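Engineer: These protein sequences, in sequence, are chains V and B.
Residue 145 in full-length UniProt numbering sits at position 145 of the first sequence, with consecutive numbering throughout.
Residue 38 in full-length UniProt numbering sits at position 38 of the second sequence, with consecutive numbering throughout.
In case anyone wonders, no lab produced these hints; they're calculated from the structure.
Owing to the predicted nature of the structure, the values given are computational and were not obtained by experimental measurement.
In this text, a Cβ means the ideal position worked out from N, Cα and C, and glycines have one as well.
Heads up, a few of these hints could be off.
[To be verified] A short, non-exhaustive set of chain V residues, derived as facing chain B with CB atoms under 7 Å:
no., residue
1, Leu200
2, Tyr205
3, Leu207
4, Val222
[As the list claims (entries may be wrong)] In the BS3-like style, the derived pairs of lysine-lysine whose C-alpha atoms are separated by at most 27 Å in a straight line are:
no., chain 1, residue 1, chain 2, residue 2
5, B, Lys132, B, Lys35
6, B, Lys137, B, Lys108
7, B, Lys160, B, Lys184
8, V, Lys224, B, Lys184
9, B, Lys184, B, Lys132
10, V, Lys224, B, Lys160
11, B, Lys108, V, Lys224
12, V, Lys90, V, Lys8
13, B, Lys132, B, Lys114
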Amino acid sequence: MSTPMDPKARAEVRRGWLLSAPALVLLAVGASGPLLIMLVYSFLEAGQYGNVEWVISFKAWFNVVMTRDIFDGTLGFADAHLTIFWRSAKLAFLTTVFCFVVGFPTAWFIATRTPSMRTALLFLITIPFWTNLLIRTFAINQIIRNEGFLNTGLLYLGIIKEPIVMLYTDFAVFIGMTYVYLPLMVLPLFAAIDRFDMRLLQAGYDLYASRWQLLRHVIVPVVKPGIISGSILVFIPALGAYVTPRILGGGRNMMIGNFIELQFGQGRNWPLGAALSVVLLVIVSVALIVYTRFATGGQDKSHG
Amino acid sequence: MSNDVAVEARAACKVYGQGAGAVTALGGVSLVIRKGEFFTLLGPSGCGKTTLLKLIAGFESPSSGQILLDGQDITFDPPNTRPVNTVFQSYALFPHLTVAENIGFGLKMLGRPKAEVAETVTRMLALVRLEKMADRKPVQLSGGQQQRVALARALAPAPKVLLLDEPLSALDLKLRKEMQIELKRLQVETGITFIFVTHDQEEALTMSDRIGVMQAGHLLQVGDPRTIYTRPANRFVASFIGESNFLTGTLSGSDLTLDAGPRMPVERADNAPVSGHVTAAIRPEQIRISSDAGSGIAAKVLDTVYFGTDTHCVLALSDGTEITVRLQSPVSGDVGLQTGSQVTLTFEPGALIVLPEVA
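All chains, please: the whole structure from these sequences, using the hints.
Structural biologist: This is the structure:
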């Protein structure tokens, strides 16, 4: 590109930038603006009644991993924070895996129906989106609480003698998140399976593959893009989930989302909340990079 | 059971659906395919040839009857346990795998050691002349190359029988001709029994050791290409494979008195009637036209159509029957037949064949 562009082409390029300027500005302000604010806040002092003091400080970042004992002032590892991060990552991961296990057969079933049946089933999948997340989560609460439908039913049938405690456990959060995020897994999986050429199954079956081998060596690799996008769509919001752990996990089984909210609310520690938000962002980014590398890298390796 | 039988179908019947809406795709076909032969199932679409292929591959099971491979009953064995591989019409190559991985797929599924798979893949790549394409993905190949990968993939596990379901129909004419020669070469080199399904009579005639002609779920005739062409078993075979003129007349002994007048010597196809009013067939290229009135069938020239190497001449007999004669075009390109002129048609004994009556 050493030759200078002629003025006409240059004007063309300039006009292109000008035309896309409104969208670019909106994107820049809307996407990176809040992130920048968080980044800046994480390096400030906490105000007495919330908000921030405009004094540069690394205290918030320090507090993410270390904690000072309130009584004797000794430094300690902030294991409570790590527990919350670990629980969030674990629950988000389990939710993603379980959504896939349940969502894959569902998507396969839908994709192999007649066109009119398919439309109806996809419509059913989207129905939960019509109601508020809060209401749906409370519905789950009603089902799994000690006097809920599930326990009452099991007690009535005599299968159990005492109600099983499910509400306000990690299990409750896991079930709730699986329920909430399942459609986000099913839809991209459906799109991928819908494009899958069923004749490949016949070819694989003809070439001595068992059903399991067909799944492993033909179906999964071919619909992999759908699995990747479905997993991303479930994992990211699950990691930062707020409503579900709040209602189904109670106060003790916090996830990162609740913990961040706590800092901005009762905790009155905005810089810590901001620093935790940045950590969450970094975790998600790293997880995404590792996951996509892993998912596509396996394919590249087999090129030999 | 004789040792040289590869595949045998015994009264294989396939009915789709039930009750009034049931469709018979295959109405009791019995067929013996020998080891190492290039056998073609030929017929129009919907004749049941692909259904028969699916029964042999195992994708469908017959409503009644049996399929035997090497003398063993495999009627209800699933496809992944049959030593039979298929080249699909759509190729159905695995898009996520390279050419080499596609070819090695069958052996890998069979759990063969890696070294053996690699060795076979190299040999197969050489066989179909795609050594340089080993690391390409199927989308990066032309139609002809994809076709050869599909072939190599199906041949790699060394099946006892290779099934080919109209594999050339997606290729253009020139490539199709090349692949016909290629297929025949592969069959001779590997010695594997090929069962080839097509609706293209030319493909069938040029490649096959034997042809089975099918129509409406039934096998009409099985024979080598020359027999099928020169001694068609019935009117359908005579008109589906090549072109035929049909003449009617009264048969007595080995002579046929044509409705159009003269008495001609004839041959009889199997199951043809021995006397009475019959139909006989003659190929357009077997007829000679002479302008002087002699012994033969008198006819009037209706039209001549120039086809390049051939010129087709349409004539009418005295009873109105239309006859097409195929002449090799002379150097000048003009066969010298004026429309409306009177000519005489002759042919060698044996060219006119009496056909069985259509049931």
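Engineer: Evaluate each hint against the coordinates.
Structural biologist: Now for the hints, and whether the structure bears them out:
At about 6 Å, the closest approach between the beta carbon of V/Leu200 and any beta carbon in chain B falls short of 7 Å, and the interface hint on this residue holds. Using the Cβ-Cβ criterion of 7 Å, the hint placing V/Tyr205 at the interface with chain B is satisfied: the shortest such distance is roughly 5 Å. For V/Leu207, the interface hint holds, since its Cβ comes within 7 Å of a Cβ in chain B; the closest pair sits about 4 Å apart. For V/Val222, the interface hint holds, the least distance from its beta-carbon to any beta-carbon of chain B being 5 Å, beneath 7 Å.
Only pairs whose Cα atoms come within 27 Å are accepted, and B/Lys132 paired with B/Lys35 is rejected, the gap being roughly 33 Å. With a C-alpha separation of about 18 Å, the suggested pairing of B/Lys137 with B/Lys108 holds against the 27 Å cut-off. In summary, the hint linking B/Lys160 to B/Lys184 is supported, as the alpha carbons are separated by about 17 Å, within the 27 Å threshold. A distance of roughly 39 Å separates the Cα atoms of V/Lys224 and B/Lys184; the hinted pair therefore is violated under the 27 Å criterion.
The suggested pairing of B/Lys184 with B/Lys132 holds, with an alpha-carbon distance near 23 Å, which does not exceed 27 Å. Distance restraint check for V/Lys224 and B/Lys160: the Cα-Cα separation of roughly 34 Å exceeds the 27 Å cut-off, and the hinted pair is therefore not satisfied. Taking the CA atoms of B/Lys108 and V/Lys224, the gap is near 21 Å; set against the 27 Å cutoff, the hint holds. Between V/Lys90 and V/Lys8 the CA atoms are separated by roughly 57 Å; this puts the pair beyond 27 Å, and the hint is violated.
This hinted pair checks out: B/Lys132 and B/Lys114 have alpha carbons roughly 21 Å apart, not beyond 27 Å.
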